[in-house]
Structure formats: C-alpha cells, structure tokens
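Given chain S, work out where chain A should sit, using these hints.
Just so you know, the protein sequences line up as chains S and A, in that order. Residues 1 to 419, numbered by the numbering used here, are exactly what the first sequence covers, in order. Residues 420 to 652, numbered by the numbering used here, are exactly what the second sequence covers, in order.
Facing chain S, according to a computed beta carbon distance under 10 Å, are these residues of chain A, among others:
{"#": "1", "residue": "496"}
{"#": "2", "residue": "498"}
{"#": "3", "residue": "505"}
{"#": "4", "residue": "529"}
Think of the hints as simulated: they come from the structure by calculation, not from any bench. Backbone N, C-alpha and C define an ideal beta-carbon position, used for all residues, glycine too.
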Amino acid sequence: MALGVNIEIAKTHLLAKKRQTFVAMLGVTFGIGMYILMIGFMTGFNEFLEDTLLSSTPDVRIYNDIKTDYSHMLVNDFIDSTKEIAVVHHPRPKDINPNIKNANEIMSDLKRDKRVASVAPQLSTQVFYNNGPVQINGTLSGVNIIEEAKLSGLVDKMKTGKIENLLTQDNGILLGQGLANTLNVRIGDMVMLTSPKGTSMRFRVVGTFQFGMGAVDKIRSYVSVSKVQQLLGKDNQYITDIGLKLKDYNTSKAVAQEFSAKYGYKCDDWETSNSSAMASILIRNVMTIVVSLTLLLVAGFGIYNIMSMTIQNKLKDIAILKAQGFAGKDIRQIFLTESVIIGFLGATTGLMLGYALSTLVFNLPFPKSDMIAITHYPVTFHWYHYAFGLGFGMVTTFFAGLIPAMNASKVDPVVILRG
Amino acid sequence: MEDTVLKAKQLTKYFYEPEKFQVLKQIDLEVKRGEFLSIVGKSGCGKSTLLYLLSTLDTDYEGEIDISGQRVTGLSQNELARFRNAHIGFVFQFHFLLPEFTALKNVMIPAQKLGKYSMSEIEDRAYTKLKQLDMHEYATKLTSKLSGGQQQRVAIARALINDPAIIMGDEPTGNLDSNNTKNVFEIFRELTSVQNQTIIAVTHDEEFAQNSDRVIEMKDGAIIGMTKKGIKV
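Bound conformation, chain S alone (with noise of 0.2 Å):
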C-alpha cells in the first residue's frame, strides 16, 4: 500500500511535467539508440572483416620457413678450426627446398587428429602473369580443389564458371577476378604463365573467383598440384603448404603451437596470419566501447540535471510529506521511480530509434567496388547488444537518480516549512 501510494506520486509528478519528462527521456533515447547503431554496424564490420579473412586464410597453415642457419660451413673443412677463425662476409644458403619432406605422413596423421575437420595440401610458387609483352607478378596454388574449396568456401565466391571445372580440364585454371580484369580474359581463353626458373606454361580459364578483397584477388590463382609440380619440375610429393580447416577456429591458436612442436614446421594460426586486421578490429571494438559509454553517461547527467533541479521546486512538497508521514526512504523512492521510469522509457524507446537507424543503414547499398564484395552496409543484429543496451540505460539513470533523491531523503522539513 505505501509502496503503491509513493509510485502512484511518482506517476503523477512525471505525468504533471510531460514536456520536461519527455526532454529527459529523449536523452536516454539518442545514448541508447546511438548505442546500438554505433555497436551493430561495428560488429557488422568486424564479422565481415573476419569472415573474408577466415575465407581467404586458412585456419592453421603449416608451411616450411626458410631458417638461415650457417653453422655449419664449408670453410670448416679446410681450415682447422681451434687454431683460425674464418670469417666469412654475407653467406649465402645452397639449394634449399621450401617443401614440407614428410607431407603425405604428415596429412595421413592429422586427417586422424579429432579437431581437424578438413586438410588441404598446396604448392604455391611466385609466377608472372604474361599479358602480351607485360609480365604481372602473382601467385599461384597448386590445390586439390575439392579439399581447398572445403577450407576457404571457395565455392561460394566463384563468380564465374565451376571449381569443378578445374578437374574436368586437363591444364584448366581458376583466376582472382581482379587478376582477369588485368589480364583481359574470360572463360574459355588461355594465359601463359612463368615459373621463378623461366619454365612457360598455358593454361586454359576455367572460372573466375572474388573473395571481397584485392590483395588476394589481384594476385592468386588455382590450378591443381600436379600442374605447378611439372611447371617447377619437382616430383610428385613436392608440396609447399598444408592448410587446415578445424571444427572450432577459434581454438587455431592452441592447435597451431600444438602441430608446431608436434611436426617440426612454421604452423601459423589465422589470427597471426592477419594480425593487423585483427589488431584494427581490436581497436574498433575498443572505440565503440567508449564511445557508446560516453552516450550514456551523457544521458546519465541530463537525467542528474533534471531530476536535481526537479526536486528544487519540489522542497515545499517533500517537507510536507515528510510532515504527514513520509520517511526519508518514501521520499528517495519517489523521486528514484521517477528516474528509473525515465530510464526505462528512454532506454526501450532507445531500442526502438537504434533497430530503426540499423535497419536503415542495413539497407543502404555499399558503393560499388572491385575490392570489396559487399552489396549493403553490413549491420549486425545481436539480442545481446539490445539487453545490455537496455540494462546500461537502467543502471546509468539509477545511479543519475539516486544522488539526487537520497538528497531529497535529506531535506529537513523543518527548514522548508519555516521559510
């Protein structure tokens, strides 16, 4: 009953000034749904960026790093070494091979391991491009097309012609969309490409893919293993990369030092492969998060203004409800209802302008580019973002109007009443 009639005050109060009430609540509105705007279309961003990149790289990498270790030099051979010292200026390393040497053991074993969801070996070489007399530098991967295609959902970014296609033509190729637009080609014509060594090879356009980012579709192409063997005229086991694809990517950073100890070679987790993506994602996460707070800590002071000022012309009221029988926590009940109502309108409305704001960003189409494969900005929709949202907005007006009403609980009636 006294709970209902100390509400039943704050209603009214609320209720008698609807312009102030409002004025208060549009400013929880804006934090909140700037909130939600800010952090969708962040998250929007950041999901975006790490699905291109999760397509483009595989989760873990295992791959020959070319170690330059010069312990061991001829010049020890003729020299005797506990009398001299041989210096020897600018070494050079002799006939090193960038393959993995074990491959086959090495994927038989991991197709095995519980984790691993698909292994992709690879081969990839620098090549040139030859495009009449200018020569293009790119790379190209020798793959497994059905294998490769399970790890980076090759698939579904081909923009023309079939990964199929790869095995059904004998000296077929894939290339980066960008990569055709340079090379003015089309499915059905060929390109020459060259080795490192000068070895020349055709190949015959099969498909065209685009993973939404320029680096890699300026530069890379697919054709099978086989294909870049003979052109570097390496033996059949001759692979460069295996890529690996797990159940759970997030965990490619464990796995990656696992296989590292486990099998002697470089493995590189995605995360590591892309680190200053990864580290701008970081910062925009971290950005968001601020910016979003101080929205709301701005609404929290408007409601701190209001609600101070609210119990100034209020003192002539508490005094005599404090006359008539109200405690002090009646009284900071009153008038924290009236805040937390703010809050809670402000925050739902809130809501509402951040979905509306989000839909209508979702729906803006994203300028045209080679670049980037995007039609419409991309926004994200998270439950979570919209209740902590909810929950920020109620908190931050609580505290906002709690050191004004507990100094409202504090005014003397006497005081007021006297005059």
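This is chain A only, laid out in the frame that chain S set:
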C-alpha cells in the same frame, strides 16, 4: 474525558547559527484531549520552534515529549514518520497542498501511506472529510486551481484523514481574510467540542487566540502566561 494527550517536560533547544542561542528554556506543557490550545507571542519568542518540537519534526532538543502515552523522544526518523502519519495532522499558514494532485487525492495520500483501509474505503473517508468541510464539490479539482480559503479547508481535511490525536497548526489563519479565518476557527471549534480532537495552534491572531480554550503566551523562549477561557491562571 480529561486525559492527557501530550506531555512535554523540560524542553530546551539551542540554535547554533549564527551563534549559540537558547530559543527554548525548560518548557513544561500538558495538553488534554479535546483541548483547543493557542500559542501566542512576538516573532522570535520561540513559539513556532516549540510547535515543531511538539510535532516531532524537529528532534534536536533536550527534554522529553510523550504523545498519546508514547515517548517520542529518541525514536528514529523512520519511526517518527510512521508516528506522525498515524497521530498528528498538520495545517500550515501556506496550505502546502501538492499542486499536481486533485483535492481528493491530497486528502487521500496520508491515508494511503498509513495503509489501514482499502483504497475504496480511503476514497469514501476522504470524500466524507471534504464534505464535512464543505469542499466535496471541489473534490476532483486540481488544488492549484482553488482559492486560498478553499485550499486551507482541503488542508484541514487532509490533516483529519487519519483521525490524528493532535492537529498542529502553524498560523493556520495567517494567510486568510477575516471571513475565511472565521470559517476555519469554527471548524476547529467544532472538531474539539464535537469530535474531541485536540488542536495546538501557533497564531498571531488575537481574536482567534482569545476564543480558544487555552492561550499560552511566550516570551524569550519561556511561557510567561496562561489564559483559560479568558481567565488568567
């Protein structure tokens, strides 16, 4: 029914601002049920201060106060709030109604706080009190729309809603014209004689004071004289 409703013993109070000053000097006072008591005196004599001590709003004093047989000295602020709610009604010079509420609601709020009756009973009682003061026609009006005399009558109805043992008035007629003053006085008179309510009022109004049951005259923080029904005692 000559039982004592309020008893004050050795009430002493100091003001500390701007410098230490004794406002009340060991005041003893007893008030009987159904008595209409006026406190008079010049400004600064301490009569209002005494009233606020007796009404339990001011707790910074030395001495003891009992109301309706209960010692109120030393109770916590929350306990005092509950006590005031049930046992004391207030009428002030400036009516002090809540402007956002209707007359009826203003009368109902202390009863809702008390929580002794159901909502519909409270509404009935509030309406009855307003009718008793001839204000029932204005029950649904916002109090900010009423005249000064009307507001004061609503304030009296509000003071009566919980059937308090004592009604405290701080210049209850101070802001009213002679006609309304007469009205309010008659209401008080009726409350004490018919309903056996106790009224303690601080006033400047000579006529108002002379017509009450007992007049206490104060000077420099002490009671210097007492008049009962026009006879000095």
